[in-house]
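J.: Chain by chain, the residues run as shown.
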Amino acid sequence: MIPLAFRYLMSRRRQTILTLLGIFFGTAGYVVISGFFIGFQNYLIQQMVDNSAHIHIQQRDDYLTAHGLDKVFYGDKPQVLWDAQPAGREDNARIENPQGWYARLNADPRVVAYSPQLTASALFTKSKTSVSATLIGCDPLKQSKVTNILDNMVEGNFSDISSGGNRIVVGRELLNELGMRVSQNVLVSVGTNSPAPLKIVGVFSSGNKATDLQAYGSLTDVQKLNRTPNVINEIGVKIKNYNEAAAMATFWSKLFPEKTESWDQQNATAFSMFAMQNTMRAVIIATVMIVAGFGIYNVLMMTVNQKRRDIAILRSMGYGTTEIIWLFLSQGMLLGLAGAMLGLLCGFIVCKYLQTIPFAGPPGSTKMDHLHIALSWSIYLQGSILAILSSSIASFLPAHAAGELTPIEIIRAGD
Amino acid sequence: MGIIARGVFKHVGEPPVRIIDNVSLEIRDGEFVSLTGRSGSGKSTLLYLLSSLDSVSSGVVELSGQDLSQIRPEELNRFRNEKMGFVFQFHYLIAELTAFENVLFPARRSGQGEVRKQRAKELLDAFGLDNKHDRLPRQLSGGEQQRVAIARALIMEPQYLFADEPTGALDSASGESVMQILREANTKLGTTLIMVTHDPDFAALAGRQIHLADGHVVEQSPQDNS
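If you're matching them up, the sequences are chains A and B in order.
Residues in the first sequence are numbered consecutively from 1, following the numbering used here.
Residues in the second sequence are numbered consecutively from 1001, following the numbering used here.
Treat the hints with caution; some may be incorrect.
Here are some, though not all, of the chain B residues that point toward chain A, as calculated from beta-carbon distances under 8 Å [what the hints assert, rightly or not]: (1) Y1048; (2) P1073; (3) E1074; (4) N1077; (5) R1078; (6) R1080; (7) N1081; (8) F1086; (9) Y1092; (10) I1094; (11) E1096; (12) L1097; (13) F1105; (14) P1106; (15) R1109.
For the record, the hints were derived by calculation from the structure and aren't laboratory data.
Keep in mind the model is a prediction, meaning the values are calculated, not measured.
For each residue, glycine too, the CB sits at the ideal point set by N, CA and C.
All chains should be built: construct the whole structure from the sequences, respecting the hints.
T.: Below is the structure:
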């Protein structure tokens, strides 16, 4: 039946080409739109995963409640009434038992590395210019195992901060905002403490504006500057499979008092945006495919009506209902297959071209780059399945209608 | 064993109109029977009932001893393919296939496309279409198209050949040529031929004529001895 189906398609070339174009554009559109969105999302996810720890362990933010201080001031006395009820955040931003965490992380086979940190908001001042930024105190060796900071270094060595001595490595954005260069001193103050001069020994550029507004110093230097010796307020953890980060963070969060958040939990807003993008992508593709499907449906319905005589003679030759259905269904499937192949090829070529287009990066990006287009085989597989499936569904109804016709109906109707 | 019809009725439409009214007959293997009658007498309907293309409202039609109402669809399809040939007034050739491909198409259904190729050539050559194998139906005259349709009906060397006014749309020369071919199929191949015709001359070529009026068999000539 396939050769006859093919002849039918070839005998009405204009209709066939128009129908084919519907499937072609649908498939090519799916490949390009999916490649664009998924490539963009993968790029952002890679940025999130590479530039930061997979799991962040921090002291939980505790807030005072209306009766949170009753016991502290009045012991077990009942019915304490306050003129002004206690409110505010507990100033206790430290991890109480870091050694316990180190032991736990060392014993966990899923953990690749971890880095204790003291993160503080600092004011960087040079002459009359002041910039507020995050100062991260860390062990550079441990930190380099948790993030890809070494790959992002554009000047100096990250390990130069290890020996202490009030040296820092700053992000490109921070350096630019201060209008400084490497080997100059900048005054850094944390909280109400008096400022201290720190020497810039290196510069990094991650491509992410927020990350590039940070600075790294040695853990001891930052602890001194913050006047909190031996205190850390965060442990960054890198694990083997970053997709397991959320599950691990949620599990730890239930067991231990510290707040544990995975990289994706910290970027939940971005993932909401991805979900919205994916929904939009699905709606656009579904619309295109439905339109293409209606094209196939209409053309095949017309063909069934035009070929009623053929159906009658085929039935009289002994061809059964199933074979008649297959004769028309296979036309839709051939169109779907051909449209899918052409669409995938065209989509691939367009994607390869888009990859060459310069692109300033997503909002917050500081590096000039090219469009990130995903060329994953799964997109192409999904595209072909979608095209063949939609064309098969669209051709099933006409094919079924053809299969239901009996020769005598057609002969009596005088077709 | 041939074809046997017993007490066959056919109603169509709503309210039901009786098209065939209590027809009983027997057609023996190798016979050439013509069905005649005025328009609306039920002769084409009877042909389609006897050939399994239509189903009876009541009564029994047996082909080669098999009750058509009891036969499973797949078996009926195989039976049609291997044992029956059909020739219609409007030849019903598949426009996208050449004359040769049209003739061979029934054989493809049972996977005999290759083995029947020689037979298809012989039939087309015998019917005076030796240089027109590769022509599409639209490139053939009406008479040539009907000869292709007969070749297609004969490709599987069927036991039964059903023809519904095969000369109805042809000029007299083409009509005579077609009748010659049909007669030869009956006499040389032993194919049972049941033919509906308006033409009394062509009807007279049959070994037996069955005349219908208002759905009844009113006359059989020569008288059926069954």
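J.: Under the constraints set out in the numbered hints, which ones does this structure not fulfil?
T.: none
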